[in-house]
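Could you put the whole structure together from the sequences, leaning on the hints where they help?
Protein chains in written order, with the working numbering: chain A, 31 to 216; chain B, 31 to 216.
By construction, these hints were calculated from the structure, which means they are not laboratory data. Among the hints, erroneous ones may be present.
[Unchecked claim] Below, a list of computed lysine to any residue pairs in the SDA-like style, where the Cα atoms sit at most 20 Å apart:
no.	chain 1	residue 1	chain 2	residue 2
1	A	LYS189	B	LEU48
2	B	LYS112	A	LYS189
3	B	LYS189	A	TYR93
4	A	LYS189	B	GLN98
5	B	LYS189	A	LEU48
6	B	LYS189	A	GLY190
7	B	LYS112	B	GLN98
[What the hints assert, rightly or not] Now the in silico label distances, taken between C-beta atoms and shown as ranges:
no.	chain 1	residue 1	chain 2	residue 2	range
8	B	ASP193	A	ARG184	24 to 34 Å
9	A	HIS95	B	SER175	48 to 58 Å
10	A	ALA204	B	GLN137	51 to 61 Å
[What the hints assert, rightly or not] To spell it out: a stretch of chain A is covered by chain B in this simulated footprint if at least three of its residues, at any positions, have a beta carbon under 8 Å from a beta carbon of chain B; those stretches are:
no.	stretch
11	52-64
12	113-124
Just so we're clear, the structure is a prediction, and the values are computed from it rather than from any experiment. We put the beta carbon where it would ideally sit given N, CA and C, even for glycine.
2 protein chains.
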Amino acid sequence: MDRIEIRLSGFGGQGIILAGYILGKAAALYDHKHATMTQNYGPESRGGACSAQVVMADTPVNYPHLTQPQVLVAMSQEAYTKYVGELGEGGLLIIDEDMVKPDGAPQRVRFYTIPSTRIAEEMGRRMIANIVMLGCLAALDTSVSVEALRQAVRSSVPKGTEDLNIQAFDRGYAHGQKLISSRPTA
Amino acid sequence: MDRIEIRLSGFGGQGIILAGYILGKAAALYDHKHATMTQNYGPESRGGACSAQVVMADTPVNYPHLTQPQVLVAMSQEAYTKYVGELGEGGLLIIDEDMVKPDGAPQRVRFYTIPSTRIAEEMGRRMIANIVMLGCLAALDTSVSVEALRQAVRSSVPKGTEDLNIQAFDRGYAHGQKLISSRPTA
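Put into structure tokens, the structure is as follows:
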């Protein structure tokens, strides 16, 4: 595996940092990679755009700063607008389709949408939209194995909510797989 | 405030990452600075050296990588050995005196020791050694205000443990103040 850079973004309260934490943990503890997770505090931590940057590699990550992420997940309009420009050609872009309305279809990236917040609401817990999104990411990007992610979700969420979170992950994963199969050239 | 780089280090399970999270939060939410916190996963997350890197500044932190930390906190021998060399001249070094035995007194740094784990054990909860250490840091380094740190501790620890954690913070702070007053030239 080469160095993989992933940015998860949204607004405060969506569990973006927890999702980043889980992603890094999955890569390191269960897939035996090296990883860093950086979180920004600042105006964004008071309710605006919020971002977790995860870097994964086979060797120690000495440089946790994103140079050009291969993957961007955006769960809010503000985060989308702020970060979409940094995604390189052929990069993977996943948005929550109810929270983000792109101004025209993004060009030259692999672009997918999921109603992660709506799925979470259907499951009775809006708070698990981040985990639905992680499941979708797992289907669309194979840098981290699905099994490692499932284990990391289980060991990172509050006690008593493990099963619900795994269901959320699996809902997102199923949605992601459907996206791939319906667009075989993506 | 110029850019301040702080590394908190120890081994997995000591709450190093939580301490880093609290430090960044204190700087950003309560002191209105910008901050990033980076955590490394890798072999260290499986029980070895563990580190949280916090960068704080008055302007957004675009470069979360430590160039040369001004502050190093070491709560384990392995972490001390791994990171002590990166501290610059005049930097602040704080160790848990029962966990770290320096090979000779560190030169050209401001060197302080605290029995943070022992104090936490006296308080009945070894797990709060990280918060004792944060209190000590607050006394010895004024980049983040004591009041911001207290608020960040209170809002970040598990519900029901707030008072105990504030007591731990205050024990560490008192120890740090004593260190300063007993070495007026430090």
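Verification of the supplied hints:
1. For the proposed pair LYS189(A) and LEU48(B), the alpha carbon gap of about 18 Å is at most 20 Å, so the pair holds.
2. Between LYS112(B) and LYS189(A) the CA atoms are separated by roughly 34 Å; this puts the pair beyond 20 Å, and the hint is violated.
3. Among the hinted pairs, LYS189(B) with TYR93(A) is inconsistent with the structure: their alpha-carbon atoms are about 35 Å apart, more than 20 Å.
4. At most 20 Å may separate the alpha-carbon atoms for a hinted pair to count; LYS189(A) and GLN98(B) exceed this at roughly 39 Å.
5. Only pairs whose Cα atoms come within 20 Å are accepted, and LYS189(B) paired with LEU48(A) is accepted, the gap being roughly 18 Å.
6. Note on LYS189(B) and GLY190(A): the hinted pairing holds, with a Cα-Cα distance of about 16 Å set against a maximum of 20 Å.
7. Taken as a hint, the LYS112(B) and GLN98(B) pair is honoured in the structure, with Cα atoms around 14 Å apart against an allowance of 20 Å.
8. The hinted window of 24 to 34 Å between ASP193(B) and ARG184(A) holds, with their beta carbons roughly 31 Å apart.
9. For HIS95(A) and SER175(B), the Cβ-Cβ distance of about 28 Å falls outside the hinted range of 48 to 58 Å, so the restraint is violated.
10. Range check, ALA204(A) to GLN137(B): about 60 Å between beta-carbon atoms, so the 51 to 61 Å window is met.
11. For the stretch 52-64 of chain A, the stated coverage by chain B holds: 7 residues have a C-beta nearer than 8 Å to a C-beta of that chain, and at least 3 were required.
12. Counting residues of the stretch 113-124 of chain A whose CB lies closer than 8 Å to any CB of chain B gives 0, so the stated coverage by that chain is violated, three being the minimum.
The structure does not agree with the numbered hints 2, 3, 4, 9, 12 stated previously, though it agrees with the rest.
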